[in-house]
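Novice: In order, the protein sequence lines correspond to chains A and B. All residue numbers for the first sequence refer to this note's numbering, where the first residue is 231 and numbers rise by one. All residue numbers for the second sequence refer to this note's numbering, where the first residue is 5 and numbers rise by one.
Quick caveat, the hints were computed from the structure, so don't treat them as lab data. For each residue, glycine too, the CB sits at the ideal point set by N, CA and C. Warning: the hint list may mix true and false statements.
As the list claims (entries may be wrong) - Label pairs and their calculated CB-CB ranges:
hint	chain 1	residue 1	chain 2	residue 2	range
1	A	Glu431	B	Lys116	49 to 55 Å
2	B	Val21	A	Glu431	52 to 58 Å
3	B	Leu46	A	Gln436	50 to 56 Å
4	B	Gly91	A	Ala386	27 to 33 Å
5	A	Glu439	B	Val200	40 to 46 Å
6	B	Gly91	A	Gly252	44 to 50 Å
7	A	Asn253	B	Lys116	20 to 26 Å
As the list claims (entries may be wrong) - Derived, one-sided and incomplete: chain B residues facing chain A with beta-carbon distance under 8 Å:
hint	residue
8	Ser17
9	Thr32
10	Ile83
11	Leu138
12	Ala272
13	Leu274
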Amino acid sequence: MTSVAVTATSQSKGGAHPGRLGNTLFGGSAWTFGILVLILLAAVMIALVIGALPAFREFGISFIWTEVWNPGKDIYGALAPLYGTLVTAFIAMIIGVPFSLGIAIFLTELCPNYLKRPISTAVELLAAVPSIIYGMWGLFVLVPLMQKYIEPAIIATFGNAPLIGALFAGPPYGIGLLTAGIILSAMVLPYMVSIMRDVFETVPPQLRESAYGLGATTWEVVRSVVLPYSRVGVVGAFMLALGRALGETMAVTFVVGNSYHIMKSILAPGTTISASLASEFAEADGLQLGALLANGFLLFVLTFSVIGFARLMLLRLQKQYG
Amino acid sequence: MMEIQAAAPLFASQQIVRKRLRINKIVTTLSVFATAAGLFLLAWILGYLLFKGFATLSPGIFVHDTSSPGSGGGLRNAIIGSLMITGIGIVLATPIGILAGTFLIEYGRGSKLAEVIRFVNDMLVSAPSIIVGLFVYELVVAPMHHFSGWAGGIALGIIALPIIVRTTQDMLLLVPDALREAAYALGAPKWRVIVVVSYRAAFQGMLTGVLLAVARISGETAPLLFTALSNSSFTADMSSPMASLPVIIYNYAASPYADWQNLAWAGALLITFSVLILNVVARSFAPRSRN
Numbered sequence: 231m232t233s234v235a236v237t238a239t240s241q242s243k244g245g246a247h248p249g250r251l252g253n254t255l256f257g258g259s260a261w262t263f264g265i266l267v268l269i270l271l272a273a274v275m276i277a278l279v280i281g282a283l284p285a286f287r288e289f290g291i292s293f294i295w296t297e298v299w300n301p302g303k304d305i306y307g308a309l310a311p312l313y314g315t316l317v318t319a320f321i322a323m324i325i326g327v328p329f330s331l332g333i334a335i336f337l338t339e340l341c342p343n344y345l346k347r348p349i350s351t352a353v354e355l356l357a358a359v360p361s362i363i364y365g366m367w368g369l370f371v372l373v374p375l376m377q378k379y380i381e382p383a384i385i386a387t388f389g390n391a392p393l394i395g396a397l398f399a400g401p402p403y404g405i406g407l408l409t410a411g412i413i414l415s416a417m418v419l420p421y422m423v424s425i426m427r428d429v430f431e432t433v434p435p436q437l438r439e440s441a442y443g444l445g446a447t448t449w450e451v452v453r454s455v456v457l458p459y460s461r462v463g464v465v466g467a468f469m470l471a472l473g474r475a476l477g478e479t480m481a482v483t484f485v486v487g488n489s490y491h492i493m494k495s496i497l498a499p500g501t502t503i504s505a506s507l508a509s510e511f512a513e514a515d516g517l518q519l520g521a522l523l524a525n526g527f528l529l530f531v532l533t534f535s536v537i538g539f540a541r542l543m544l545l546r547l548q549k550q551y552g
Numbered sequence: 005m006m007e008i009q010a011a012a013p014l015f016a017s018q019q020i021v022r023k024r025l026r027i028n029k030i031v032t033t034l035s036v037f038a039t040a041a042g043l044f045l046l047a048w049i050l051g052y053l054l055f056k057g058f059a060t061l062s063p064g065i066f067v068h069d070t071s072s073p074g075s076g077g078g079l080r081n082a083i084i085g086s087l088m089i090t091g092i093g094i095v096l097a098t099p100i101g102i103l104a105g106t107f108l109i110e111y112g113r114g115s116k117l118a119e120v121i122r123f124v125n126d127m128l129v130s131a132p133s134i135i136v137g138l139f140v141y142e143l144v145v146a147p148m149h150h151f152s153g154w155a156g157g158i159a160l161g162i163i164a165l166p167i168i169v170r171t172t173q174d175m176l177l178l179v180p181d182a183l184r185e186a187a188y189a190l191g192a193p194k195w196r197v198i199v200v201v202s203y204r205a206a207f208q209g210m211l212t213g214v215l216l217a218v219a220r221i222s223g224e225t226a227p228l229l230f231t232a233l234s235n236s237s238f239t240a241d242m243s244s245p246m247a248s249l250p251v252i253i254y255n256y257a258a259s260p261y262a263d264w265q266n267l268a269w270a271g272a273l274l275i276t277f278s279v280l281i282l283n284v285v286a287r288s289f290a291p292r293s294r295n
């Protein structure tokens with residue numbers, strides 16, 4: 231008994247603990263790589279700021295709201311790609327939100343147990359399909375469909391409507407902002423569904439069951455119990471999907487049309503920041519490269535503020551309900 | 005008089021019930037319809053891919069390199085390039101990601117620093133991959149003055165890193181503290197407890213994370229456009245521009261040549277089904293307790 235105590239103290243005093251070197255090395259590298267994650271974000275930010283400087287120095291802050299993109303005269307402005315980025319993401323959300331809500335409600339409230347796993351897996355596979363596949367499918371399947379059937383129908387129905395008519399006017403190009411928005415909605419759908427399903431499942435079963443016990447219908451339970459309880463998480467899911475829609479590249483590049491003119495109609499071709507980067511970056515140099523990098527910086531600011539907000543929402547939910 | 009009074013409210017409440025049930029019927033129908041539409045979309049995309057891809061898929065694709073339209077080229081250089089670039093990415097990201105995840109759970113649990121890192125890492129998980137491409141362009145390609153396979157590998161590694169950090173952290177969190185305490189009580193130093201006890205207990209989950217990261221980066225196109233670029237001939241030299249399947253698919257699908265478009269579909273089929281199979285395999289390793 232005493233001898234054990236003596237060896238223990240002599241060990242801690244002598245400092246020759248057998249694991250000390252390993253501890254220092256292992257703990258040190260774990261700490262370093264942990265910090266590296268922080269440095270990575272800072273480095274991305276710094277690199278993009280440095281890349282954006284030449285364009286902002288040349289055109290000033292008005293670069294952001296100038297609608298010119300003329301490599302011949304070497305004059306550039308970010309408005310057209312910025313506009314396209316926001317419009318396509320907005321269309322994606324308008325279509326994607328109701329569909330994802332529907333699927334999440336089905337999965338958590340209506341789905342028989344034996345279907346839950348297969349359908350969840352299918353949704354996750356939809357999320358795993360690489361974005362370039364969505365782009366190809368859009369170009370070869372959706373664009374002809376849009377051009378032949380959907381867009382003519384839209385133009386015939388809304389083209390002459392007061393106020394909103396201009397949004398749906400013009401010839402059916404097939405490619406354009408609307409087509410890009412539709413593809414994006416399909417891409418962000420599975421992300422929204424899988425987060426929303428997780429968020430809905432944080433609702434304690436007692437709350438849900440008491441509402442059903444009072445005679446509430448499925449929709450009433452969702453509207454008055456599930457949604458209010460998981461509000462923060464649902465907003466987080468939407469914002470996360472919005473961040474993805476804003477930055478998505480390959481699915482959009484194929485179908486957006488790469489036009490730097492802002493048209494009133496959402497059926498007209500346009501461009502997004504990521505699509506302009508994908509199609510021009512590798513061949514650009516000089517000021518054009520600077521302008522593209524400045525666009526990239528704007529995209530970074532846009533997506534990271536949206537994603538940051540989304541993560542804060544989800545974090546709040548997590549803290550609230552563990 | 006009494007009877008009429010009793011009957012009237014009953015009638016009204018019946019109407020309300022009927023209305024509630026009707027609304028419920030509409031909403032649930034819409035929700036079933038949304039699910040059916042989602043499943044239909046997946047079937048449509050995969051079905052079309054199978055239909056177009058299988059028409060061109062032949063052993064020749066794995067033997068011949070890409071070449072000019074009409075000369076019967078294959079995809080060999082792109083497939084090997086993709087494997088190499090993805091390999092570099094995952095080899096870079098795995099040790100860094102696992103150690104960073106280890107720091108978050110085994111060392112920094114509950115600390116402010118770990119909380120900030122976790123938040124930043126979650127942001128990086130959902131960051132657009134094209135931003136990563138721009139970053140690596142500025143970091144590697146611009147100083148070296150040429151595109152290279154290395155730059156592509158680094159870009160993919162940066163995309164894989166936060167995914168691996170995230171899953172490592174989630175999996176280590178599932179390891180019961182009693183296991184760690186038992187190892188400490190035997191006198192094991194902290195690093196041995198982590199390696200021998202925590203890692204072993206969380207191994208399957210961590211493997212899932214790495215496989216999911218491989219699946220994610222092997223389909224990435226956007227970051228490779230500014231880093232690895234592409235190459236029409238075969239090369240195993242990582243310091244030169246390198247072909248990869250996604251970039252070749254992108255170039256070929258947008259080209260006007262029918263045989264290039266067909267090759268793009270064959271490549272798309274290869275990549276999608278590798279990614280989906282990887283996903284299914286990865287999920288089969290994942291512990292059940294995870295959603």
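Novice: Tell me if the beta carbons of A:Glu439 and B:Val200 are separated by a distance inside 40 to 46 Å.
Specialist: This hint holds: roughly 44 Å between Cβ atoms.
Novice: At a threshold of 8 Å, is the proposed contact between B:Ser17 and chain A supported by beta-carbon distances?
Specialist: 12 Å, violated
Novice: Using the beta carbons of B:Gly91 and A:Ala386, state whether their distance is inside 27 to 33 Å or not.
Specialist: Given range 27 to 33 Å: violated, Cβ gap about 53 Å.
Novice: Is the gap between the beta carbons of A:Glu431 and B:Lys116 within 49 to 55 Å?
Specialist: 29 Å, violated
Novice: Do B:Val21 and A:Glu431 keep their Cβ atoms within the hinted range of 52 to 58 Å?
Specialist: 29 Å, violated
Novice: Does B:Ala272 meet its interface restraint, that is, does its C-beta lie within less than 8 Å of any C-beta in chain A?
Specialist: 6 Å, holds
Novice: Is the hint on B:Ile83 kept, meaning its closest Cβ partner in chain A is under 8 Å away?
Specialist: Given a least distance of 15 Å, the restraint on B:Ile83 is violated.
Novice: A range of 44 to 50 Å was offered for this pair. Does it hold for the Cβ distance of B:Gly91 and A:Gly252?
Specialist: 29 Å, violated
Novice: Could you tell me whether the CB distance from A:Asn253 to B:Lys116 stays inside 20 to 26 Å?
Specialist: 23 Å, holds
Novice: With a cut-off of 8 Å, does the beta carbon of B:Thr32 approach a beta carbon of chain A closely enough for the hint to hold?
Specialist: 6 Å, holds
Novice: Per the CB criterion, is B:Leu138 less than 8 Å away from chain A?
Specialist: 4 Å, holds
Novice: Taking 50 to 56 Å as the stated bounds, is the beta-carbon spacing between B:Leu46 and A:Gln436 within them?
Specialist: 35 Å, violated
Going through the hint list in order, the structure does not satisfy hints 1, 2, 3, 4, 6, 8, 10, 13.
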